[in-house]
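Chains B and C: place on chain A using the hints.
Read off the chains here:
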Amino acid sequence: MAAKHLQEHPQPAWITFRLRRIPFSYRIDRRAPLVALIIVLFTVGTLIVSVSYGEYNIPPVEVVRTVLNANIDHPDYENFRLVVHTFRLPRIVLAFLVGAALAVSGALMQGITRNALADPYLLGVSGGAALTAVTLIVWLKTIPISTLPFAAFAGALLAAGAIYLFAWKNGSSTPIRLILIGIAIESIVGAFTTVMLLFGDITDVQQAYVWLMGSVYGRNWEHVHALGAWLLVLLPVAFLLARQLNTLNLGEDTAKGLGLRVERQRGLLMIVSVALAAAAVSVAGTIGFVGLVAPHITRRLVGPSHEGLLPICALFGGALVVLADLIGRWAIAPSELPVGIVTAMIGAPYFLFLLYRSRIR
Amino acid sequence: MLLPGLLLCLVFLVLCLLWSITLGAADIAPRTVYDAIFSSDGSFQHLIIQTIRLPRVLSGIVVGAALAVAGALMQGLTRNPLADSGLLGINSGAALAVVLAVVLRGNPPLSEYAFFGFLGAGTAAVIVYALGSMGRGGATPLKLTLAGVIFTAFISAFTTAILIGDTETLDQIRFWTAGSFAGRDMALLSQTAPWILIGLVGAILISRQITTISLGDDVAKGLGQNTTLIRAIAAVFVVMLAGGSVAVAGPIGFVGLIIPHVVRFIVGVDYRWIVPYSAVMGALLVTVGDVGARVIIRPQELPVGVIMAVLGAPFFIWLARWKVKR
Amino acid sequence: MSELNARNLTLAYESATIITDLTVTVPLGAVTALVGPNGCGKSTLLRGISRLLKPRTGAVTLSAQDIWKLPTKELAKRLGILPQGPVAPEGLTVHELVAQGRYPHQSWFQQWSAEDERVTRDALEITGIVEFADRPVDTLSGGQRQRAWIAMTLAQDSEVILLDEPTTFLDLAYQIDVLDLLHDLNRSRGKTIVMVLHDLNHACRYADHLIAVKNGQIVAEGKPDEVVNESLVREVFGLECHVMPDPITATPMVIPIGRAHKSVQQPAAFAEMSI
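Protein chains in written order, with my numbering: chain A, 1 to 361; chain B, 1001 to 1326; chain C, 2001 to 2275.
No lab work stands behind these hints, which were simulated from the structure alone. Backbone N, C-alpha and C define an ideal beta-carbon position, used for all residues, glycine too. All the given hints hold, so there is nothing to weed out.
Taking beta-carbon pairs under 7 Å as the criterion, some of the chain A residues facing chain B (in silico):
id, residue
1, I181
2, A184
3, V210
4, M213
Beyond 12 Å from chain C on every Cβ pair, some chain A residues (computed):
id, residue
5, L34
6, V67
7, N79
8, T135
9, W139
10, Y164
11, F192
12, Q207
13, H225
14, I332
Excised from the complex, chain A in its bound form (with noise of 0.2 Å):
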């Protein structure tokens, strides 16, 4: 009788990993390996391709090579090396981890706000990081530019920080609250940030609007190197959480009717999807779009579960950044775009044909 039942039941629509002495499981979407997959092979495709072009052209079997220190007895070894390992790879392998950063961050921010339009910056992230950036490229140039990183993650931190507790209310910091209060401390931050635009040096000013766009350029392996150690923290967090998030998605009331405590875990929600937005916008700008984009197509991909989500949006993210920055690079060469300003080129029309193929009425 239990057989009949099990073989009439349809194939469920994730795989389940469970061990067997350990009592641990934990189950992903059916699609999400095969996808995962596709878009890694798509990504070191693209990677390769990005570091063999730019005024120094290097073959790609030649950064394959390279990369792998096995054509130490090229003539051109010494160049190779030095393009590959110094200036190309470190910005290339940056772009991929912005991108990952921002893609989780938004997905995080998505599901807590329960608004698909939700982006990395809501809560604040990147008036804060911004004021903080161009008051150290501007105003402050005494201190040393290598402190700018931690500056803008402390910006970012800071401004997120008042934003929630402006929202705090009666023991809860509801969404609404927090987008409006965002907008508000978005204004003044920017409003000083104006100011600072205005009355600085030109020359600085137009470092800072570099920055403010969101770039990779000159990022070398130090920059890796921070925001590497940031998400290998966060994401496995991000990772675990995915359940809470399922669960916080299917609104307040039913969360925490299933024992969910909507306030804590929305919470560290918060303080993830920030942390990751901060910390990839204090090594490469506030770079658009990514946070928004990748969630929605992610979603189309592999459904908004997100313990399948969560991995292959980040991975999605930092193919796309990798690709933004290859174009970048290549669309008004020998100068560059930043490649912010390329997200946002190709992210604006895509968002709106992702819109109006989805039911909009």
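Same frame as chain A, but now just chains B and C:
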């Protein structure tokens, strides 16, 4: 009750106007201001008042009224309490047009800024409206909002790309992009004021229809209203009001966002009252804001857009904490 | 003491106090219906006894344990709630939704045990929606969707299920369908059902215990045929009516009189049948 209130606000506005003229890089006595307007004797001080201060303050009043009414219209049209004229991409379109003008024509006079600003604003609105009308259902509030947000992000990126590459242009236009009334003269005002006046009158004329639309498309259609037509006409007025404002003073935010909220609190949801009250209170807000812009770091000036943000943000926080349920 | 008990409960939102100093007992193992006019506080009362709304005064106990002192997951294993008009995220399949019900039984390490799998499948079967399991929830009809949500609370495996207006906005056939399902869950699985119902006749038909609420106060409580009569309906709903036994279930059936038909002659046989 509402009519006396409106008249009271108007009186207050005139007083503010006069008060504003007395303040600036150098203060002028109120008696002198009065004389300058009503019995001028050609003296230097009177000249300053007539050619510099008066036009500037009048510009502020006109722009404040225009922005507030445009914001009220947008909020009624899109049923989105966070809408203002910037939602139709007007500010970003104007900025791009002005940047292009400066790049192509070197150092144009303020009146050319105005012309290109208006052009950019109008073009942006048309594009956003067209984008928002694609697909089923025509230009619904949600689609308009989305189209506007995406368009603004796209165009802003474009504008920034140009500015990053061209230091001179950046230096020239950065003050303009923050919104300011510095140097606005009678000539500029007389070019743009007619558009704004048409927009204001138009807004009053269709205020009853806007009230109906703001209740919901289904309700409006059920009452026999042609929502598509009304929406299109209202959008034209928004472009005149907001485009005219951008032409005079550059992009200024928050006025169109806050004033309608405050006004709705006082007068309710009838647009026949919302429009005039918004005009007067918008004018008041910008006049006071411009005083701040002139006075806070005198003899230098702050852009009035910054003052608006600093004033508007606390209001928003109050709104979020006390007026939003859950 | 197997009962859900609220004592001296005061429930309020920011702007208004809805319920003051109310005491009520919900019997476990039975179907209880909360009825009353709009705004009477029945939904508020449900939220108060489910831990969704913190009471200003008073206490709520489940089998003598204060629900606010229990860990949230512990309580969720014993008490589940289905709020009014729940919305599932776009693209979520029925199977995934029902699986969500296992949340209180999971932990960081045990995210999907064999037990979770089994209970979810059972829930799908019992509610008869196995064939829809892979379809997105938002593509189902109203009745099917409601069954999916009930399956989720079933997967939660709690002894008490609270439902806030589970049948509002459903077609009549689906209303009866859902009520029959809830009735089954009570009779064959011993689940305690507490539901806010809009339709008084449905409440009379399906409830073992009826609680009538007006202006934040309990006007009457007890078995439907002991409690529902013309004076109660007049007092609680402000409606003139005839009450007679339902020809199918023999429970009280409320027949409104209204203005338009007041002058219509009532057949003699009809007058004899009324309570």
